[in-house]
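Trainee: These are the residues of each chain, in order.
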Amino acid sequence: MAKLEVNNVNLRFTPKSGNAVTALDGISLNVEENEFAVIVGPSGCGKSSLLRLVAGLNRQTSGSITLDGKAVTKPGKDRGMVFQSYTLYPWLTVQQNVEFGPELAGMPPAERAVISRRFIAQVGLEGFEKSYPKQLSGGMMQRVALARALANDPEILLMDEPFGALDSQTRSLMQELLLGIWQQSRKTVLFITHDIDEAILLGDRVYVMTARPGRIKEMIEIDIPRPRSVDLLTSPAFITLKRRIMALIHDEAVRALT
Amino acid sequence: MSIDAYFAPKKEIPRHVYLTVSVTVGLFVLAMWCLLAYSGWVREDFLPTPVAVILAGIDGMSDGSLFRDTGISLYEILSGFILASIFAVPLGILMGSFKIAEAALEPITNFVRYLPVSALIPLLILWVGIGMSEKITVIFIGTFFQQLILIADVSRGVASDLLDVSYTLGASRRQVVRRVLIPATMPGVMDALRVTLGWAWTYLVVAELVAANKGLGYFILNSMRGLFTDRIFLGIAVIGLLGLISDQLFKVMRSRLLPWTIQS
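Chain order of the listed sequences is A and B. Counting the first sequence from 1 gives a position; my numbering is that position plus 166. Counting the second sequence from 1 gives a position; my numbering is that position plus 15.
Isolated chain A, as found in the complex:
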């Protein structure tokens, strides 16, 4: 049994104006324990919708999603999520943001402080514990969002284009940071992106999605050894994989336009 099992999931909805849309069509995928799985696809292919189903924020029309054999029916702290938009609580300091989950769970302040100190250090934000989100840059805010999700010790970490709103230099730094953290913790991750470089750099497995209706077109094993760094981006193995995925996505993008 895989850690996360998505089995023949369909999602259909009817917008207020117009006809029924099939957003996801027969999606099946498994994410193993300690695996970093990436879903890459053109915009509008329904990859974010799929992640929201796994998070339990929406319900699929049919099919099943199980985590550790238990059916997903509603959101829960076993599936921590990092969004593309900035979702820090502006009225809480960095430390209070990171401690939000443990505090909800009723953990005493001293224990919470140990945890938040650890994860704030891991994302390299020592010295900013008392800062408010408004005082941070976009990249720093996403680091806090990552620390906040990790501090809650979820079974799986769901990341919905978390670096999508950042400039490209900051994005590379964030990718390296995430690689480093993942190398230590080996947290099971399901990561959504439209950025092929990002998908190959981070993932053990990359699922390529097609648009309208959203389907898994192909699963590609990324057999590049770890630890990895952004230097990979120019290696021959990387280029070969990139060419393959680009071709798959290109067909899709063209099909979506025509």
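By construction, these hints were calculated from the structure, which means they are not laboratory data. Think of the CB as a built atom: it goes at the ideal place given N, C-alpha and C, for glycine as much as any other residue. Mixed in with the good hints there might be a few duds.
[Said to hold, decoys possible] Chain B residues, not near chain A, derived (Cβ > 12 Å throughout):
#, residue
1, Asp60
2, Tyr90
3, Asp179
4, Gly185
5, Arg194
[To be verified] Calculated Cβ distances over 10 Å to all of chain A for the following chain B residues:
#, residue
6, Ser54
7, Val210
8, Trp275
[Stated by the list, open to error] Restraint-style ranges between C-beta atoms, simulated for each label pair:
#, chain 1, residue 1, chain 2, residue 2, range
9, A, Arg378, B, Ala174, 35 to 43 Å
10, B, Leu98, A, Arg378, 52 to 60 Å
11, B, Phe43, A, Arg283, 53 to 61 Å
12, B, Tyr21, A, Arg378, 53 to 61 Å
13, B, Phe43, A, Gly293, 28 to 36 Å
14, A, Gly330, B, Ile277, 26 to 34 Å
Mind docking chain B on chain A? Use the hints.
Mentor: Relative to the frame of chain A, chain B by itself:
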């Protein structure tokens, strides 16, 4: 910095230039007033001299009438405003984030808020008389529905991702409302209250002008009957001053209660 640079849109100007311009315009208005009043170009019962207004102020303070009327107006406005806020803040937050509350409240709110409160005054006099409770009712009705709409918009504007991320951190629906939705609306709520307090002054004075035997509106109306323009000016100045003070108080409260909204 050349003079030309002071006229570029959205550009900063030196502080001393800013202050000089503000003070100059203020002095100019005062000078025009003095010119018109002291030269005799405008009759004194139309435009009192600044000194006459100050003397009227001293008069009003020494016989206590100014304090009495100001106190009564303040009491009425604060009662009406606080009462409206107590109901409008929670209901507005619900209305903006819960469709069921929106369905229940929005149609009626939209109907009532386009009714000018002044149109309701005769009816309210019939129902509650011309005492303080009528003024409080006018202010309540005038501010409550406006607050409701403004605060519902604030609540509607809270990003749903902010609520969703809280669910994934293990929050229950109750906790999401209490610990996320409500704090997220606070800056907008404070701004809505600040704006509506200004409107509350308008309703108060309208109500007092129509029918009252005390309060600042009455003070102004009564002065008109005797052609005491200096006292009319005084009454207007006091209302302006109180508005300014309450606005400043709101500003201070906001930065004290919501320090996290300040950019630094």
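Trainee: A range of 35 to 43 Å was offered for this pair. Does it hold for the Cβ distance of arginine 378 of chain A and alanine 174 of chain B?
Mentor: Cβ of arginine 378 of chain A to Cβ of alanine 174 of chain B: about 27 Å, so the range 35 to 43 Å is violated.
Trainee: Far enough from chain A: is every CB of that chain over 10 Å from the CB of tryptophan 275 of chain B?
Mentor: violated (4 Å)
Trainee: Minimum Cβ separation between valine 210 of chain B and chain A greater than 10 Å?
Mentor: holds (21 Å)
Trainee: Do the beta carbons of glycine 330 of chain A and isoleucine 277 of chain B sit within 26 to 34 Å of each other?
Mentor: At roughly 29 Å between Cβ atoms, isoleucine 277 of chain B and glycine 330 of chain A fall inside 26 to 34 Å, so the hint holds.
Trainee: Regarding the assertion that tyrosine 90 of chain B does not contact chain A, is the least Cβ-Cβ distance greater than 12 Å?
Mentor: holds (33 Å)
Trainee: Measuring Cβ to Cβ, find out whether arginine 194 of chain B lies farther than 12 Å from everything in chain A.
Mentor: Arginine 194 of chain B not clear of chain A: closest Cβ-Cβ about 8 Å, inside 12 Å.
Trainee: Look at the Cβ atoms of tyrosine 21 of chain B and arginine 378 of chain A and judge whether their distance stays inside 53 to 61 Å.
Mentor: holds (55 Å)
Trainee: Tell me if the beta carbons of leucine 98 of chain B and arginine 378 of chain A are separated by a distance inside 52 to 60 Å.
Mentor: holds (54 Å)
Trainee: Take the C-beta atom of phenylalanine 43 of chain B and the C-beta atom of arginine 283 of chain A, compute their distance, and say whether it sits inside 53 to 61 Å.
Mentor: holds (60 Å)
Trainee: Far enough from chain A: is every CB of that chain over 12 Å from the CB of aspartate 60 of chain B?
Mentor: Given a closest Cβ separation of 55 Å, the condition holds.
Trainee: If we take the beta carbon of serine 54 of chain B, is the closest beta carbon in chain A still more than 10 Å away?
Mentor: At about 54 Å from chain A, serine 54 of chain B clears the 10 Å cut-off, so the statement holds.
Trainee: Would aspartate 179 of chain B pass as off the interface with chain A, using Cβ distances and a cut of 12 Å?
Mentor: Its Cβ does come within 12 Å of chain A, the nearest being 5 Å, so this is violated.
Hints 3, 4, 5, 8, 9, 13 from the list above are not met by this structure, while the remaining hints are.
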